[in-house]
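Fit chain G to the given chain C structure using the hints.
2 protein chains.
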Amino acid sequence: MKKKIGDQNVLYPTPVTVVAALVNGKVNFINVAHVGIVNAQAPHLISLGMNKAHHTNIGIRENGTFSVNVFSIDKMAEVDYVGLVSGSKTDKSAVFETFFGELKTAPIIRDCPLSMECRLHDTYETKTHDLFIGEITATYADESVLTGGKVDLAKVRPLLFDMSSRKYWSLGTPVGDCWGAGKNLIK
Amino acid sequence: MKKKIGDQNVLYPTPVTVVAALVNGKVNFINVAHVGIVNAQAPHLISLGMNKAHHTNIGIRENGTFSVNVFSIDKMAEVDYVGLVSGSKTDKSAVFETFFGELKTAPIIRDCPLSMECRLHDTYETKTHDLFIGEITATYADESVLTGGKVDLAKVRPLLFDMSSRKYWSLGTPVGDCWGAGKNLIK
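Quick mapping for you: the protein sequence lines, in order, are chains C and G.
Anchor point for the first sequence: position 139 equals 1257 in my numbering, and the numbering is continuous, going up by one each time.
Anchor point for the second sequence: position 105 equals 1223 in my numbering, and the numbering is continuous, going up by one each time.
Isolated chain C, as found in the complex (with noise of 0.2 Å):
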């Protein structure tokens, strides 16, 4: 039996990011949930939902572009930290090394799994959040998780994020094949 429990959103678990970008010339790193697809041929756009409070969000809007990057659960201490703490009080710089790639302006990290490069492609606005949308203009992976040059989410083990529990989860295994699994229901 359905019941009706507000208007919650249950759209979870989603990947957990760290946002990189330079704010004021300073690398400053948040983490994001809030994150989104946006469509599925090149230019590859993606979305992060981020409060305009955050000090990031500065950055993203000064320089047009920042990086999105993957974690594995080994870095879950570092990762909930960049969430903890702002980067208008306090120095995020050193908590990951980053290096600069084509576009100049957008630290990536080095050690996490994957890495997107992004141009901010356009700013969707509401009135608490600003919905960056980003295009992807390099990925860049850990050879470690590459399997046959593919990325492997076995290898990955990335860090999920669910808002009604509060906590992080771990990823579990392959149940299927994705334009496959239904082949048999076609009459």
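By construction, these hints were calculated from the structure, which means they are not laboratory data.
Any given hint could turn out to be false.
Copies of the same chain look alike in the list, so a pair counts if it works inside one copy or between any two.
What the hints assert, rightly or not - Each computed BS3-like pair below joins lysine-lysine, with the alpha-carbon atoms no more than 25 Å apart:
#	residue 1	residue 2
1	1273	1285
2	1273	1122
3	1222	1122
4	1120	1222
5	1144	1207
6	1245	1170
7	1268	1305
Chain G only, in chain C's frame:
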């Protein structure tokens, strides 16, 4: 060592949803895993990145309402099936039983753990995709997935999507506290 792997989107896994809408008066379903979360407070906004070629888009535009239904791994075949055939050619209205809520025109799936009834808030268009931004007006949960009145992902056992492997994945276990796991790093 990190290497460039093109410009691919690696923001996975994402929850697999079945989006339900009335198209020309008939219930239609499609699976959508290119979802997103826009903000973190009411009115709760979520996004669906849907190729403009899909039949369901017509109904979402027509009625300005739809539902987003979260499925457990048990129903993988049915969920996959509604993404394999188009409602323009195949009547999928009997795949899931539905009911209508307060919006009157958004069919809501009865036999799934979680459903969000949505009013179309806005449509952000790209050349190939409609990013439908929905305002959640009501959320429905099967009592079997609640623990102490809260959604329990361990009971939901959500079906997750990964583009790289083209596999559906299961969820693992909780690994730590959000806004907690990094507290020891605060100086």
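Let me make sure I understand: some of the numbered hints might not hold for this structure. Which ones are they, in numerical order? Checked against the structure, the only hint that fails is number 7, while the rest are satisfied.
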